[in-house]
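Taking the hints into account, I'd like the entire structure generated from these sequences.
Residue numbers (our numbering), protein chains in the order written: chain A, 1 to 251; chain B, 1001 to 1490.
Rather than coming from a laboratory, the hints here were simulated on the basis of the structure. As the structure is a prediction and not an experimental result, all values here were calculated from the model. Don't be surprised by glycine CBs; every beta carbon is placed ideally from N, CA and C. Watch out, some of these pointers could steer you wrong.
DEER-style ranges, computed between Cβ atoms [to be verified]: (1) A:E235 / B:L1370: 29 to 37 Å; (2) B:P1010 / A:E148: 31 to 39 Å; (3) B:R1477 / A:E74: 21 to 29 Å; (4) A:D83 / B:P1010: 20 to 28 Å; (5) A:G159 / B:L1453: 32 to 40 Å; (6) A:Q86 / B:G1015: 49 to 57 Å; (7) A:E148 / B:G1433: 51 to 59 Å; (8) A:H190 / B:L1370: 40 to 48 Å; (9) B:T1385 / A:T88: 41 to 49 Å; (10) B:T1385 / A:A89: 19 to 27 Å; (11) A:H190 / B:T1385: 47 to 55 Å; (12) B:L1370 / A:A89: 46 to 54 Å.
Calculated lysine to aspartate or glutamate pairs in the EDC-like style (CA-CA distance at most 20 Å, straight line) [to be verified]: (13) A:K111 / B:E1390; (14) A:K13 / A:E42; (15) B:K1255 / B:E1274; (16) B:K1277 / B:E1267; (17) A:K204 / A:E156; (18) A:K111 / B:E1386.
To be clear about the criterion: a stretch of chain A counts as covered by chain B if any three or more of its residues have a C-beta under 8 Å from a C-beta of chain B, and this derived list gives those stretches [what the hints assert, rightly or not]: (19) 64–74; (20) 91–97; (21) 111–121.
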Amino acid sequence: MAKKEQAPDSAEKRVIIRTIGMKKLYRKGGQETAALRGVDVEIYTGEFISVMGPSGSGKSTFFNMIGALDSPSEGRVFIDEVDVAQLTAEELAFLRCRKIGYIFQSYNLIKYMTALENVTTPMAFGGVPDDDARKRGMEILGLVGLRERWFHRPIEMSGGQQQRVAIARALANQPAILLCDEPTANLDHHTGQEILDILQKLNKECGVTIICATHDHRMMNVCDRLMWIRDGSIERIARRDEVHVELAGID
Amino acid sequence: MKHIDVQPQPVLSFGRTFAIALRGVQYRLFRALVTVAVIAVAMAFLMNILSESLFKRVVAVAVRDEIRVSRQADHWIARLSVPQTAEEVIDDLAAAEPGTPASRELARFSGRDPAAIEQAGKQAAQAREYFRFFDDINYGRRRVLIGNAAGIGIFERLQDPEAQARFFESLGQMRAVRFIATPDGFRAFLASWPALREVVAAVREGQRQGIGQLHAKLDGRTVMAALADAEGAFGEAVRQAGFVLEPEEATSLAKQIRLSEHRHFIEDSLNVPEVRKAVAARKDVLPGDVSLDMIWGLLGHPDTAAWYRDLLAQHTSPPPGLDGDRLHEVARARGRSKLMVRAELITMGTGGGFMNIGPRMTWLAFVSMLVCTVGIANAMLMSVTERFREIATLKCLGALDGFIMTVFLIEAAILGLVGGVAGTLIGLVLGLGRMLAVFQSLLLELFPGGLLLQAAGISMVTGIALAAVAAAYPSLRAARLAPMEAMRIE
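As structure tokens, this is what we get:
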């Protein structure tokens, strides 16, 4: 198999997300719980990285931090060389709108909007004129194979179709990063595979950086690197070929 | 991928925000309807009390005038029978503007020139202020200050230097009493009192002479009977005696007297046994059970009024002009005056408070608005809580805090508008219905369209404002939510 990725320390690789000593403490009833205990990680442009770990491991917290949805208690997060902690509320909104696309386990489509409106909403927030937004929205819906169903509301679509609309919405403003939180967990085997195919296609053809939390072992077939989180810290990061060797060894 | 410099997110236009908010309301139509109902009930209550008080107010004003006219006869009979009291003359002096008929009348009775009357009028105005002061302080203090003197007796008593000294001494000791003038001002007034007393006495003497002159011309009639001729010779005699009787007033006075005479005649006709028997036969009751209300009922219809007229002609000697139509007219006038009395009773004690609805109603309205605010706040809070996930998602897509807040405020304003309009209509219909039942045709004559529109405007604006105020906290909370916080809560 042709390797797209080169060695992480290669000079051409550009870091798109970097965390330094990232910690997150939750305070509840006078008790402090550490969700993350100091995470240092670098994610490169164009990479497809899978994040694995049991529930409660701090995986979601890690996602929120690198998605600029929450701020760390300690340490720093850089997205595209910008320190997230330095941004104002308006700049954060700008960043969430254009740099990052979010895909959730439960789709989170806006119930009262059609598929197309769901896709064009982030464009509206980003200031794209209506006509352009509609045109581009149709193109992106075409990309996920739902061009004919643009007028349907979420309730009229299957889970897989909803997730595809969610992907289209995440792609609305051509983000550099796609953050997926268990994108296939609510889907059956076959539909899950379709979603994975779309993600892989986006990664290969458009060069979108994809960070994907998952329990789905098929993800290993499509990702470049795998990352395990346990008890709020990174247990290990490995390239896919290394893991395959191991798995083969276990077999 | 291309590199983009981070910059502030642009603000979404109000039109787009409004469109998105509207879609949200449409989607949650049922919940929205419940909130609308809360607002509508509160606004219906507000509009109901506003419209009812408006109706009552216009009726009260109209009734006041009409009742004054209907009591004109009593007023003139009293005037032409005995001279006024000194206090009444002082009231008239204070109220008479120079050059008006009332002022001319006072000048004529007292035999003073208009300038003297004007001067006396100023003093009389002061005297009235002092009367009011002594009326308002409590009995114990009044007793200490002026003993049991009353009216002009107060001024007479204080003419005595010793009594005056005691008065000012006691007044100085009463810390809680604020006298309306300086001691020197009051002393000056007391010094000028004898002059005013003379004018008042002259007026009363003039009145006495005028009345004596008139009574010589009564020819054995009562004053009331004579006044039926107010437009003719007797009116002229009244004028010659020194009273100012304007032609229009004479006309309406004569009309009142005639109406009153005819009314009395109709009421007395029931004492004629033949009439009573005939009515009893027609009504199929015992003669002893025939009541005045039955007669008025009969006169309510032109046909039966004509029948009654024939009956009267057979057994009594009706005064000239009392034909069937006139009987009917008298019955209508009586119905009207009954309506007036009822309206006067019902509209008593209206006024004061917000838009003249009275202090008690103002308080009730305030409490109901408060309850409504809590209700809307609760509904909005539910709406926000229910939509945490949606809010979080929108924030992930790049929505600004201001956008989220605006969406919720717009939603509340839409609910407020719909609820406000519905409530206003309901309240108006209820108020109109209730007041129509009480005042009947009187209300339609006086329909206060402009004021009602104003009240409707107030209650609609209140509806929107209430909803917006109640939604302020929930929407602020929604806007401040960290995106992932919201997702976790669900």
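Each hint tested on the structure:
1. A:E235 / B:L1370: 29 to 37 Å: violated, 58 Å
2. B:P1010 / A:E148: 31 to 39 Å: holds, 32 Å
3. B:R1477 / A:E74: 21 to 29 Å: holds, 28 Å
4. A:D83 / B:P1010: 20 to 28 Å: Given about 23 Å between the Cβ atoms, the range holds.
5. A:G159 / B:L1453: 32 to 40 Å: Given a distance of about 55 Å, which is not inside 32 to 40 Å, the answer is violated.
6. A:Q86 / B:G1015: 49 to 57 Å: For Q86 (chain A) and G1015 (chain B) the Cβ distance comes to about 33 Å; the hint is violated.
7. A:E148 / B:G1433: 51 to 59 Å: For E148 (chain A) and G1433 (chain B) the Cβ distance comes to about 57 Å; the hint holds.
8. A:H190 / B:L1370: 40 to 48 Å: violated, 58 Å
9. B:T1385 / A:T88: 41 to 49 Å: Taking Cβ atoms as reference, T1385 (chain B) and T88 (chain A) lie about 27 Å apart, which means the hint is violated.
10. B:T1385 / A:A89: 19 to 27 Å: holds, 22 Å
11. A:H190 / B:T1385: 47 to 55 Å: violated, 36 Å
12. B:L1370 / A:A89: 46 to 54 Å: violated, 34 Å
13. A:K111 / B:E1390: This hinted pair holds, its Cα atoms lying about 9 Å apart.
14. A:K13 / A:E42: holds, 11 Å
15. B:K1255 / B:E1274: violated, 30 Å
16. B:K1277 / B:E1267: It holds: about 15 Å lies between the C-alpha atoms, which stays within 20 Å.
17. A:K204 / A:E156: Not OK: K204 (chain A) and E156 (chain A) at ~31 Å, beyond 20 Å, violated.
18. A:K111 / B:E1386: Roughly 13 Å between the alpha carbons, so the hint for K111 (chain A) and E1386 (chain B) holds.
19. 64–74: holds (count 4)
20. 91–97: holds (count 6)
21. 111–121: Result for this restraint: holds, n = 4.
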